[in-house]
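Asks: Residue numbers are given in my numbering: position 45 of the sequence shown equals residue 45, and the series is strictly consecutive.
There's no promise every hint is true.
[Stated by the list, open to error] Quick list of in silico lysine-lysine cross-link-like pairs, DSS-like style, CA-CA up to 30 angstroms: (1) LYS142 - LYS91; (2) LYS140 - LYS88; (3) LYS97 - LYS140; (4) LYS46 - LYS123; (5) LYS123 - LYS88; (6) LYS91 - LYS123; (7) LYS81 - LYS65; (8) LYS45 - LYS81; (9) LYS147 - LYS109; (10) LYS88 - LYS109; (11) LYS46 - LYS91; (12) LYS88 - LYS65; (13) LYS96 - LYS140; (14) LYS65 - LYS96; (15) LYS140 - LYS109; (16) LYS81 - LYS7; (17) LYS97 - LYS123; (18) LYS97 - LYS147; (19) LYS45 - LYS91; (20) LYS147 - LYS65; (21) LYS124 - LYS140; (22) LYS91 - LYS140; (23) LYS109 - LYS97; (24) LYS124 - LYS81.
[To be verified] Label pairs and their computed distance ranges (CB to CB): (25) ASN165 - ASP53: 30 to 38 angstroms; (26) GLY114 - ASN153: 35 to 43 angstroms; (27) PRO61 - ALA152: 33 to 41 angstroms.
To be clear, the hints were calculated from the coordinates, so they are not data collected in a lab. All C-beta atoms in this analysis are idealised placements derived from N, C-alpha and C, irrespective of residue type, glycine included.
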Amino acid sequence: MNYSGVKYCDIANGLGVRTVLFVSGCRNHCEGCFQPETWDFNYGKKFDDRVQDEVLQSLVPDYVKGLTLLGGDPFEPENQKELLPFLKSLKERFDKKDIWAYTGYILDKDLIAGGKCYTEDTKKMLYLIDVLVDGPFILKQKDMMIKFRGSANQRIIDMIQYRRNGQISGLIL
1 MNYSGVKYCD IANGLGVRTV LFVSGCRNHC EGCFQPETWD FNYGKKFDDR
51 VQDEVLQSLV PDYVKGLTLL GGDPFEPENQ KELLPFLKSL KERFDKKDIW
101 AYTGYILDKD LIAGGKCYTE DTKKMLYLID VLVDGPFILK QKDMMIKFRG
151 SANQRIIDMI QYRRNGQISG LIL
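My request is simple: use the sequences and hints to build the entire structure.
Replies: The structure is reproduced here in structure tokens:
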């Protein structure tokens with residue numbers, strides 16, 4: 001898997017101070033995407049052990065609340081396969097840190113068994129994520145006033161609640 005960048009001490013992509021990993025590869029190609037260069041799976045650099053260690057080290061300070069996955073799209077099947085072991089090691093090492101993930105896919109349509117991006121890794125990856133922002137960016141619904149989303153159709157899903165009761169409930173921010 002390639003990544004296009006890592007942003008440290010970010011406060012725009014989830015609650016609190018965060019490390020943000022921008023993965024490469026996306027098949028959604030949303031009109032008005034703020035990073036169309038990340039559609040290319042070969043864009044950027046290899047997400048190797050050294051980079052993974054740097055990202056994990058950035059989570060050590062108490063003031064860092066967690067990691068956010070952006071893209072590209074972390075739920076492209078190729079990216080899931082690479083991200084799953086990394087997310088497992090993150091949760092083993094930092095059980096109090098949370099993980100946010102942004103995807104242009106829809107949880108209850110594309111990320112369920114039989115869905116467009118469902119793989120043998122999807123359920124395990126979703127289990128490690130605390131907050132999922134789902135849905136494609138829709139330029140006509142762009143709204144700069146809503147928190148942590150680019151367009152009004154996107155949902156901020158409390159994955160802990162989803163795992164408990166199977167119902168999608170948004171976070172109150």
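Asks: If you check each hint against the structure, which ones fail?
Replies: 1, 2, 3, 13, 21, 22, 26
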